[in-house]
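Enquirer: Listed below, chain by chain, are the residues.
There are 2 protein chains.
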Amino acid sequence: MPSLDVCLTPELLSLFDLRGRVAVVVDILRATSSIVTALAAGVSHIVPLSELEECRAYASQGYLTAAERDGRQAPGFDLGNSPFGYLNEALPVRGRAVAITTTNGTRALQLSLAADAVIVGAFLNLNAVADFARQQQKDVVVVCAGWKGNFNLEDTVFAGALAELLAPDFDVTSSDATLAAHQLWQQAKPDLGGYLLQSSHVRRLNSLEANKDMDFCVRLNEYNLVPIWRNGQLVI
Amino acid sequence: MPSLDVCLTPELLSLFDLRGRVAVVVDILRATSSIVTALAAGVSHIVPLSELEECRAYASQGYLTAAERDGRQAPGFDLGNSPFGYLNEALPVRGRAVAITTTNGTRALQLSLAADAVIVGAFLNLNAVADFARQQQKDVVVVCAGWKGNFNLEDTVFAGALAELLAPDFDVTSSDATLAAHQLWQQAKPDLGGYLLQSSHVRRLNSLEANKDMDFCVRLNEYNLVPIWRNGQLVI
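Chains as they are written, first to last, in the numbering used here: chain A, -19 to 216; chain B, -19 to 216.
Just so you know, the hints here were simulated from the structure itself, not pulled from any lab data.
Misleading hints may appear alongside valid ones.
No farther apart than 30 Å at their CA atoms in a straight line, the calculated lysine-lysine pairs in the DSS-like style are these [to be verified]:
| hint | chain 1 | residue 1 | chain 2 | residue 2 |
| --- | --- | --- | --- | --- |
| 1 | A | Lys128 | B | Lys192 |
| 2 | A | Lys192 | A | Lys169 |
| 3 | B | Lys128 | A | Lys192 |
| 4 | A | Lys118 | B | Lys128 |
Take these sequences, add in the hints, and give me the full structure.
Expert: Spelled out as structure tokens, the structure:
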């Protein structure tokens, strides 16, 4: 039986051997929720990048550029890190490519590339991620993007939700991080949005826009797709 | 109001600035439980060390030596990592000094020395740790020793128990790690021993001796003392 483990922050990735495994990268607020939304809205592919300048340079190749630093859209970019950026009729994204840089999510993706497959998870595509994992029949590591290297609740609770779905087919009890994530999800599940309002990150982002984003990012299974890393791009 | 934060594993300590703070180092199974028990049993002081050879060398200065690797007593040492080693009439410890090396606990202690005060926490001295923190009126960081760098349940749940006690006087809601620890403690509290039987570390240690140790290590407030680091030694 394959196992599900949880890497609570990218700082702990050196403790995990990702070779032969599937890495599910998660940054609920908001990078991976936005990536799932973007591809669902018809974006052709997404290039995740670490640096603002690198990202901005893609504009000359016809890319839309998206950048967030410390929870805010960086100046001079087409998009920030809100999933609603990809649902805006004033800026059609269908068929466009997007270059994106975010504080935590891009870093988590780039540190996960040793895995056999690197996919992007969010509550928005939870069931699709679970289906992908079941089809692969490989060990899974959920890589939580965290907040500036540290633990956060929302990514951990996503890992717990995935553990619950995979429990019949995966070993979800051999890792303390998975056990803890699963228990936290049990507490969060009856009212995920309300639960995450206590999270320090949510309070940090607190604003009308951020609250609207959060309400969207906690919707379950809005989209039935799995972004996957291929040759430096996220595609479906 | 001072804050209580939780560093879930020593690998994350670089994210915390311990200066001006109190570090509560915790390795429930079993280093810090043993240290508390040893000092309660009359050990004069304890020298924590990283290496087996370093530790063994203290024997020539009249120290009792204690060593554990991978959950077992290392050969050629007087004691392992069981608290019962200090409650054994065949090996009187009152007035003796002890040199100790353990897999995770010693490392967590040595990485915490930037703090204003470094103290040792366990369920066995939980209330005493809370009293110490209240008296200091400084920010507190609970440093979980974890298991080989990774997250473990038992140390995290201790942090949650401390958060519950300190909640009236400390900010215990600004850190997601503290929030999560507090919630896990709520689940563990009605039957702490039973709860920890699911932990991967407990199952790893599973044996008659380890189960006896665990039953002891989950007792609350058996001892009213706080081991504190002074000049390379743990004393009370």
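Enquirer: Compare the structure with each hint and give your call.
Expert: How the hints compare with the structure:
Note on A/Lys128 and B/Lys192: the hinted pairing is violated, with a Cα-Cα distance of about 40 Å set against a maximum of 30 Å. The straight-line distance between the Cα atoms of A/Lys192 and A/Lys169 is roughly 19 Å, inside the 30 Å bound, and the hint therefore holds. Note on B/Lys128 and A/Lys192: the hinted pairing is violated, with a Cα-Cα distance of about 40 Å set against a maximum of 30 Å. Note on A/Lys118 and B/Lys128: the hinted pairing holds, with a Cα-Cα distance of about 24 Å set against a maximum of 30 Å.
Violated hints, in rising order: 1 and 3; the structure is consistent with all others.
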